[in-house]
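Can you build the whole structure from these sequences, using the hints too?
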Amino acid sequence: ARSKLSEMKFLFATLALCALSARAETLTDAPRLRPALLKSRQAVGTPAIATAEGRQPQPPATRELRGGSGMNVPRELQLVIGAAGIFFSFSIFAVLQEDVYKKAYGGEYFAFTFLALVIERGVNALTAYLGNLALGPSGHNIPHKEIFNSGISQMLAMAASNEALRYVSFPTQVLGKSCKMVPVMAGGILLGGKSYDLVKYLQVALITLGVTVFNFGGKKKKVGKPDQPFGLLLLGASLLMDAVTGGLQDKVKKTTKEINPLVKGAKPSMHESMLWTNASGCLVALLLALLTGHLVNGLAFCSKHPEVLKAIVVYSISSAVGQNFVYYTLTQFNPLVLTTVTTTRKIFSTLFSVFRNPENSLSPMQWGGTSLVFAGLIGDIAKKMMS
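Its first residue numbered 12, the sequence shown is counted upward by one per residue in my numbering.
What the hints contain is simulated information worked out from the structure, not anything from laboratory work. Be aware that one or more of the hints could be misleading.
Unchecked claim - Using 30 Å as the maximum straight-line C-alpha spacing, the simulated DSBU-like pairs for lysine-lysine come out as follows:
hint : residue 1 : residue 2
1    : K264      : K357
2    : K278      : K394
3    : K265      : K275
4    : K394      : K357
5    : K113      : K315
6    : K275      : K188
7    : K211      : K114
8    : K278      : K262
9    : K315      : K156
The structure displayed is predicted, hence computed values, not measured ones.
Pasting the structure below:
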């Protein structure tokens with residue numbers, strides 16, 4: 012009961028921070044965004060009026076952004092808000108997700124991944140819809156088909172990753188997903204004709220070596236089950252879908268520019284992308300849940316063990332809130348700061364899982380492999396700092 016109370020306190024603290032961050036973003040960005048918004052709207056087919064200097068675009072009526080008077084929030088406080096939101100949200104997400112898939116409920120284990128994804132994608136889509144209503148759309152043409160496709164591949168990547176938790180430990184899952192840059196890089200070389208520098212190849216080699224050492228350097232566990240090959244295969248499938256998702260997201264950016272030729276740097280708003288990506292994932296997850304029996308059997312399991320449904324709903328809300336903090340940190344700072352925060356959070360979640368659950372204890376060789384993986388990730392951050 013105490014742990015559940017602590018989880019709820021974390022969640023309420025996260026929601027409060029989210030509200031504070033949204034208010035801070037409005038107050039600090041309104042003066043900067045208003046002229047940019049006016050300029051972009053003038054560029055998209057606005058009516059022209061005749062003047063002495065010729066025909067000029069007529070400024071359309073614009074909605075006043077709230078908080079325009081501007082209250083300056085210190086940059087340090089903005090960073091604390093963004094980092095704390097990401098840490099709290101995704102830490103709750105990681106802990107509860109691990110409990111859902113690894114904890115026994117009356118001698119049974121939850122095995123209905125597509126039901127969990129229907130709930131999570133649905134909560135994310137609802138959050139994005141409310142965010143769209145509150146902050147307004149981008150005003151650009153949106154490539155719904157491309158976003159829909161990327162949402163499906165993203166959902167399938169998460170389905171394989173979540174299902175893998177039934178067969179591997181949480182640290183194995185985190186480290187496996189840390190190899191995401193390997194298939195993305197391979198896809199970029201084979202499909203996109205991209206080239207990378209030597210440092211990038213060394214980083215990928217370091218991460219790959221670390222994961223290999225981790226998986227083959229494990230001690231025979233006295234408690235819990237060892238990582239099973241099928242779980243590792245699912246992680247590989249998840250990484251493959253991550254590579255597909257990366258390519259489809261690049262296509263979204265390209266198509267958005269093509270269908271908005273008069274708007275420089277046109278792109279969907281954060282909540283537009285979040286809405287359509289999660290809506291498509293929710294619909295396909297629902298179809299798969301019906302076909303596989305995950306919907307009916309999963310609901311029966313949750314009615315028998317209501318704490319499972321509660322955990323799924325709470326970590327789904329945490330995921331949705333966390334995505335808003337990710338976007339907040341990205342817009343207020345830069346991708347380097349965001350990468351630093353999310354990488355640190357992954358290290359924290361891995362260590363917390365190891366010390367929280369004796370079944371996840373690591374051998375000295377596995378600690379070495381873990382260090383190699385995170386050294387590769389931190390090296391990527393250091394390289395960006397130097398450049």
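How the hints compare with the structure:
1. K264 to K357: It holds: about 28 Å lies between the C-alpha atoms, which stays within 30 Å.
2. K278 to K394: holds (28 Å)
3. K265 to K275: Holds, because 12 Å separates the two Cα atoms, which is no more than 30 Å.
4. K394 to K357: The hint holds at about 19 Å.
5. K113 to K315: OK: K113 and K315 at ~17 Å, within 30 Å.
6. K275 to K188: violated (34 Å)
7. K211 to K114: violated (38 Å)
8. K278 to K262: Satisfied, since the Cα-Cα distance of roughly 12 Å is no more than 30 Å.
9. K315 to K156: Status violated; Cα separation ~39 Å.
Going down the numbered hints, you'll see the structure goes against 6, 7, 9, while the others check out.
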